[in-house]
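Asks: Listed below, chain by chain, are the residues.
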Amino acid sequence: MIRAGRVHARMVRAIVRKDLTEFARDRLWMVLTPLALIVFAAVYWLLPATVDESVTIGVAPPALAAVLDLASLAGDARADSPRIVPFADEASLARAIDDGRPAPDGDRAEPVTIGLAFPADFLLAALTGREPTVRLHVAGSVPPELQGALTAAVREAAFAASGSPLPVTLPAADALVLGPDRSGAQLPLRERMRPLLAFFVLLTESLALASLLAAEVSSRTVAAVLATPARVLDVIVAKGVTGTALAFSQATLLLLVTRSFDANVLPLLAAVALGSVLMAGVALLTGAAGRDFLGTLFLGVGFLIPLTLPAFALLFPGSVSTWIQVLPSHGVVQAIHGAGALGLGFGDLAVPFATGALWSLALFALGGWVLARRVASA
Amino acid sequence: MRAVTETTRTGSAPRTGPRPLALDVRALRFAYGDRIALHGIDVAVAPGEVLGFLGPNGAGKSTTIKVITGQLLPSGGEVRVLGMDVTKRRSEVQARIGVGFEEKNLYASLSGAENLLFFARLFGIGRPDVDGLLARVGLSERGHDRVSGYSKGMRQRLMMARALINDPDVLILDEPTDGLDPTSARTIRDLIRERAANGTAVLLTTHDMWEADELADRVVFLHEGRIYAEGPPEDLKLRHGKRNVRIRFREDGLVREVVVPLDGPDASQRLAQATAGVDLLTVHTEEATLETVFVEMTGRGLT
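If you're matching them up, the sequences are chains E and U in order.
Counting from 1, one number per residue, gives the positions in the first sequence under the working numbering.
Counting from 1, one number per residue, gives the positions in the second sequence under the working numbering.
Source of the hints: derived by calculation from the structure; they are not laboratory data.
It should be emphasised that the depicted structure is a prediction, and the values quoted were computed from it without experimental measurement.
Where hints are given, some of them may not hold.
According to the in silico footprint, chain E covers these stretches of chain U (three or more CB under 8 Å from chain E) [claimed, not checked]: (1) 118 to 125; (2) 201 to 211.
Here are a few chain E residues that sit away from chain U, every Cβ distance over 12 Å (derived from the structure) [as the list claims (entries may be wrong)]: (3) A215; (4) L226; (5) D234; (6) D348.
Using N, Cα and C, we set each Cβ at its ideal position, and we do this for glycine too.
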């Protein structure tokens with residue numbers, strides 16, 4: 001019912017100025033916004049900045065620990081290569097893993113998380129071509145891929161001892177880990193958290209804009225605006241500019257505080273800008289659909305939780321399926337992670353940027369359309 | 001362009017010749033889906049004229065206002081403001097009209113002055129006389145306070161100031177004195193009279209029949225999307241209402257009362273007979289009100 005027409009810069013400026021004043025006077029968001037920044041920055045700095053790649057492997061009986069050079073087979077002679085700790089028997093080894101106790105020699109505090117219990121006649125069996133059973137004890141915290149690696153290590157040890165391979169089969173891969181190979185250069189948890197924290201900031205600002213928008217629609221102040229020469233397109237663009245500016249400034253501030261701009265400033269800023277547009281689009285959508293603050297919050301959270309999944313997936317690589325790539329936020333998250341944590345440039349991130357841009361524009365257009373319809377029926 | 005013949009408050013005789021219309025609505029139709037809200041109505045307001053736009057809730061008043069102000073596109077018919085087609089020159093039309101909404105749709109976290117400044121910016125007014133407007137509606141002292149702390153009357157007065165921020169040629173007011181205390185209501189009515197006297201065309205919707213009678217040069221009765229009657233309040237009352245004189249007198253030590261109808265022939269004679277030779281106590285005229293006229297015409301009240 002309402003025609004859009006072209007955008008009037010004067011109207012957009014006036015509405016943005018008014019919106020920012022309203023935002024600055026909203027006690028809830030003026031408390032939540034800095035609080036969220038402080039909390040997210042604190043979470044970042046409190047997380048470990050390094051990756052502990054060391055692992056302590058218990059071996060029983062002790063004789064085999066001395067004979068089998070498992071450490072050199074599993075890695076190299078670096079300080080973070082597996083440390084072999086002998087145990088008197090399988091039972092004591094299992095207890096140590098169950099209890100999470102430190103290694104019995106006491107020189108290092110790391111608990112034993114993996115144990116290899118060899119049969120007493122392991123070497124003889126391997127040499128005579130029989131198939132001995134090696135029991136692998138692992139703590140619940142050990143990732144499955146490490147279990148596979150140890151199986152391979154045992155097989156190699158048997159091969160070294162006997163000269164012939166053991167019939168060990170490895171499980172087929174059922175998950176695809178995307179991204180560059182970070183073997184030997186794993187990202188610390190805080191670096192993997194960065195996109196998630198930035199995304200939470202964008203989410204907070206998205207909810208702020210949505211609630212302001214819902215208030216504007218429900219109080220019908222927007223009807224008063226549209227009774228002036230301002231058009232509905234001016235309102236939509238102004239709300240988008242306000243939301244994008246708020247989200248972008250807060251997310252950029254967080255990235256500054258977390259020292260994320262050491263390299264690749266432009267790709268990272270571009271990625272954050274894309275995320276801000278995406279969230280502004282979500283805010284238009286939820287703000288227009290919500291009837292009041294609680295309704296908007298409910299809608300907003302319900303809509304935004306799925307969008308955080310790609311960021312969570314970075315925390316636990318390989319833990320989710322590839323379907324998350326279809327989520328609107330996947331490209332943006334990959335772009336933020338790639339530029340901020342992996343140091344990738346525009347060329348490397350062309351696909352995430354392209355999909356992020358498409359989704360951002362699509363959501364913004366959808367949000368604008370819903371808002372225009374809501375305004376027309378107000 | 002159509003024109004109206006200006007009439008006096010009693011509707012008895014034209015004051016001047018025809019003048020161009022400030023607001024000219026012809027055969028306006030509008031439908032919300034299958035539900036027809038307006039069945040081809042005609043409304044005209046001349047510069048300096050106050051038109052009372054009356055009708056119960058759901059009659060189509062708000063829809064008409066939304067179409068006039070360019071918020072809705074008509075399903076049919078034509079709306080011209082100051083000679084401009086609203087559907088074709090919406091921005092130009094909106095720059096020349098002021099709208100006072102029924103709901104107090106003000107920005108509560110902004111001050112009164114900030115509300116006015118914001119709307120002045122939307123109208124492209126470089127240096128609006130915000131302080132002057134606030135003074136005119138009696139908000140000088142509270143103009144820089146946030147609207148969230150305003151009373152209902154103060155909000156309504158600020159709404160009026162907002163409607164005047166662009167010095168409009170056409171003023172559209174929806175229930176401008178609804179729920180106000182007498183002093184605030186009087187301030188608003190004085191402003192409406194003042195604007196009309198300065199040549200602004202005023203379209204006024206109200207449930208207050210006394211107010212319509214007091215302010216409007218003409219009234220339109222809208223019901224179920226159709227216009228039932230139109231004309232000066234006095235004309236409508238004379239045309240559709242009953243006129244009586246209630247006479248109280250003392251007789252044999254008792255107070256008695258008779259009602260003399262003035263309609264029909266020989267009214268003067270009947271009145272003379274009723275008052276001749278009696279100990280008169282009071283004489284009251286009983287005129288029809290706009291509400292009774294409306295009820296008589298539509299079969300229902302205005303609320």
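Asks: Taking the hints in turn, state whether each one holds.
Replies: The hints, checked one at a time:
| no. | hint | in the structure |
| --- | --- | --- |
| 1 | 118 to 125 | holds (count 6) |
| 2 | 201 to 211 | violated (count 0) |
| 3 | A215 | violated (9 Å) |
| 4 | L226 | violated (6 Å) |
| 5 | D234 | violated (9 Å) |
| 6 | D348 | holds (45 Å) |
Checked against the numbered hints listed earlier, the structure breaks hints 2, 3, 4 and 5; every other hint is satisfied.
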